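Trainee: Next come the chains, spelled out residue by residue.
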Amino acid sequence: MTKLMEWLLAVGSVFAVWFALITKKVESSFTKQYFTLIFYSPLFFGISFVIYAAVIVLYRTFTFNNCEEAASELQKEIEEAKEELNKLGYKVPLKVK
Amino acid sequence: MFDFTKIIWIFLFLILGTSKDNQAMGKKVENNLNKYSILLPTYNEIENLPIIIWLITKHMDQSGYDYEIVIIDDGSPDGTLEAGKELQKIYGESKILLRPREKKLGLGTAYIHGIKHATGNFIVIMDADLSHHPKFIPKFIEMQELGNFDIVSGTRYMGNGGVYGWDFKRKLVSRGANFLTQVLLRPGVSDLTGSFRLYKKDVLQKLIDSCISKGYVFQMEMIVRARQFNFTIGEVPISFVDRVYGESKLGGSEILQFVRGLLYLFATT
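Chains as they are written, first to last, in the numbering used here: chain A, 1 to 97; chain B, 1001 to 1269.
Pulled out of the complex, with its shape left as it was, chain A reads as follows (with noise of 0.2 angstroms):
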């Protein structure tokens, strides 16, 4: 199963039920008492998972590590190359175009 198939399995599974719920085709009294509550309940999800997103996308975006150590070592081996090449006797070729 893709993971699209997945995807429409499960919403539509889960719409189902609250489509049901909301035409009355199945009836209780936790319905009949919390109507409005089921009838909005996507809306509510839907809302709750935009502010998730966002705050975790957020936080990740600010702990996201600037490797500042890992750039400074990285500008030192360059320098250390370019000597220890030089010894070694590399030639920088010269451009063909």
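Calculated from the structure, these hints are not laboratory results. Hints should not be assumed to be uniformly reliable.
[Stated by the list, open to error] Once the Cα atoms are required to be at most 27 angstroms apart in a straight line, the calculated DSS-like pairs of lysine-lysine come out as: (1) K82/A <-> K1085/B; (2) K1104/B <-> K91/A; (3) K1085/B <-> K1135/B; (4) K1200/B <-> K82/A.
[Stated by the list, open to error] Derived contacts from chain B toward chain A, CB cut-off under 10 angstroms, selection only: (5) L1033; (6) W1054; (7) L1081; (8) E1086; (9) R1156; (10) W1166; (11) K1171; (12) L1172; (13) V1241; (14) G1252; (15) A1267.
What you are looking at is a predicted structure, and each value in this text was computed from that prediction instead of being measured. Every residue gets a Cβ at the ideal spot worked out from N, C-alpha and C, and that includes glycine.
Following the hints, position chain B against chain A.
Mentor: Same frame as chain A, but now just chain B:
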């Protein structure tokens, strides 16, 4: 979304990595009969090539693992191939293999071309632009041995991993795209678009044969298909230092390419 076995592996790895004394490590390397072929696809990397080769030899010689470097140059007009020949003279033909191609033919075929000529039983794939530091290769190898993983992937998104040279917008886009991918595909791997990885040779061959995407979506497809085939994947945090020489890219067309790739994988895997 959290894969606990993976977290445990990384934990184990960190503990072992810090407590291991040098003697034990020397022994381990001695018992390792594997050979690691490092594939370097290049296009106009005349500045970076000598430096990356020097870095690879430095860190791999230090680690003691058997290795070779396969340079696959796609007919660079700047003389990258000539630089490779220079380096081959210094480091020897058994360490540096030059397997150039006439023109730019894409990453997937570059890997196929490289694998054909590689003599190792493990393949390391990395960029030659200095954004991937060779010091991580021995860590990949240790991680691979620890769990006998089919693939070890570098990750910028976990542990000590990270990036250098990215502004807020770039980080936000990267994190957002990664979050979306995690939600939609649940790949079980934290870094899908990175291309610094270690593969068992036959595993890489099989993956390349089954992947059709181009560009960096190709890296995503490789790792997602790997999950499909039930290959095991280990992860090692890496620091990604964005292009030192040359230009880095993140434009509208890259984002569009990413979205299309994501939808393609969403519908087909």
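Trainee: Which of the numbered hints above does this structure break?
Mentor: 4, 5 and 14
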